[in-house]
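A.B. asks: This is what each chain is made of:
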Amino acid sequence: QSVLTQPPSVSGAPGQRVTISCTGTSSNIGAFYAVHWYQQLPGTAPKLIIYDNNNRPSGVPDRFSASKSGTSASLAITGLQDEDEADYYCQAYDSRLGTYLFGSGTELTVL
Amino acid sequence: QVQLQESGPGLVKPSETLSLSCNVAGEGISRYYWTWIRQPPGKGLEWIGYSHYTGSTDYNPSLRSRITISVDTSINQLSLNMNSVTAADTAVYYCASGSDTGHYMWWGRGTLVTVSS
Numbered sequence: 096q097s098v099l100t101q102p103p104s105v106s107g108a109p110g111q112r113v114t115i116s117c118t119g120t121s122s123n124i125g126a127f128y129a130v131h132w133y134q135q136l137p138g139t140a141p142k143l144i145i146y147d148n149n150n151r152p153s154g155v156p157d158r159f160s161a162s163k164s165g166t167s168a169s170l171a172i173t174g175l176q177d178e179d180e181a182d183y184y185c186q187a188y189d190s191r192l193g194t195y196l197f198g199s200g201t202e203l204t205v206l
Numbered sequence: 002q003v004q005l006q007e008s009g010p011g012l013v014k015p016s017e018t019l020s021l022s023c024n025v026a027g028e029g030i031s032r033y034y035w036t037w038i039r040q041p042p043g044k045g046l047e048w049i050g051y052s053h054y055t056g057s058t059d060y061n062p063s064l065r066s067r068i069t070i071s072v073d074t075s076i077n078q079l080s081l082n083m084n085s086v087t088a089a090d091t092a093v094y095y096c097a098s099g100s101d102t103g104h105y106m107w108w109g110r111g112t113l114v115t116v117s118s
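Line order of the protein sequences matches chains A and B. Here the first sequence stands for residues 96 to 206, numbered as in the working numbering. Here the second sequence stands for residues 2 to 118, numbered as in the working numbering.
Here chain A stands alone, though its shape is the one from the complex (with noise of 0.2 Å):
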């Protein structure tokens, strides 16, 4: 069982909006370590989509942002789009733990 807790699934249709959630500890997230998150589509390997709380990688939409509060943070996707379908992963550095740290990841459906 993953420190960084996400739902197992979302969903939503296309061009809507969905948010997925990470909730920490005040050893990781709420230590005010960085925050970054990945798209996992099947059978590929992950990819960065945002890094450092809020930052999207050069060629990542605008569709993506993402923001942390205390010890959680959030995925936000805007626009909805088939190619969106993945399984999504926050990650952090744990202080406690001594390790880095990833969510128990989400996976997006889109209907």
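None of these hints come from the bench; they were simulated from the model. The C-beta atom is built at its ideal place from N, Cα and C for all residues, glycine as well. Don't take each hint at face value.
Example chain B residues on the side facing chain A (calculated, C-beta under 10 Å, incomplete) [said to hold, decoys possible]:
| no. | residue |
| --- | --- |
| 1 | G11 |
| 2 | Q40 |
| 3 | Y54 |
| 4 | Y105 |
| 5 | W107 |
| 6 | G109 |
| 7 | R110 |
| 8 | G111 |
Here are the in silico distance ranges between beta carbons for each label pair [what the hints assert, rightly or not]:
| no. | chain 1 | residue 1 | chain 2 | residue 2 | range |
| --- | --- | --- | --- | --- | --- |
| 9 | B | S57 | A | S164 | 31 to 37 Å |
| 10 | B | S8 | A | A108 | 38 to 44 Å |
| 11 | B | D73 | A | D147 | 25 to 31 Å |
| 12 | B | S66 | A | G125 | 28 to 34 Å |
| 13 | B | I76 | A | L136 | 27 to 33 Å |
Guided by the hints, dock chain B onto chain A, whose structure is given.
C.D. replies: Below, chain B alone, put in the same frame as chain A:
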């Protein structure tokens, strides 16, 4: 841009040592924290550890007693050795480039390692 390619045996017997390599091309190997991350079939991602070109390393405490990660800058290669493997070590193993803040921009395609007799 960085290109990463993992290689190694797809099948390892229980109690033996898993050895993987990752060839690094593109930007110099003397820049990132070269990291191994794994993903058991149908499950989430697990950080294994990294090696920096300076020689510094850091490992997941849950795996520290069984793993060694190193970087050979002369051949632009990252390696992972994991001893005493069990079926629980069956996973896709990825190499990735780690930044100072811990995010991974570049990933290899991953290589599936199955632990079975």
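A.B. asks: Hints first: check each against the structure and report whether it holds.
C.D. replies: Quick rundown of the hints versus the structure:
Residue-level restraint check for B/G11 is violated (minimum Cβ-Cβ distance to chain A is 16 Å; threshold 10 Å). Nearest Cβ of chain A to the Cβ of B/Q40: about 8 Å, under the 10 Å cut. The hint holds. At a threshold of 10 Å, the smallest CB-CB gap from B/Y54 to chain A is about 19 Å, leaving the interface hint violated. With 10 Å as the threshold, the beta carbon of B/Y105 comes within range of chain A, its nearest partner Cβ sitting at about 6 Å, so the hint holds.
At about 9 Å, the closest approach between the beta carbon of B/W107 and any beta carbon in chain A falls short of 10 Å, and the interface hint on this residue holds. Given the 10 Å rule on beta carbons, the hint for B/G109 holds: about 7 Å separates it from the nearest Cβ of chain A. The beta carbon of B/R110 is positioned within 10 Å of a beta carbon in chain A (closest approach about 6 Å), and the interface hint is therefore held. With 10 Å as the threshold, the beta carbon of B/G111 comes within range of chain A, its nearest partner Cβ sitting at about 5 Å, so the hint holds.
Between B/S57 and A/S164 the beta carbons are some 33 Å apart, a value that agrees with the proposed interval 31 to 37 Å. The hinted window of 38 to 44 Å between B/S8 and A/A108 holds, with their beta carbons roughly 42 Å apart. For B/D73 paired with A/D147, a C-beta distance near 30 Å keeps the hint of 25 to 31 Å intact. At about 29 Å, the beta-carbon gap between B/S66 and A/G125 stays in the expected band of 28 to 34 Å.
At about 31 Å, the beta-carbon gap between B/I76 and A/L136 stays in the expected band of 27 to 33 Å.
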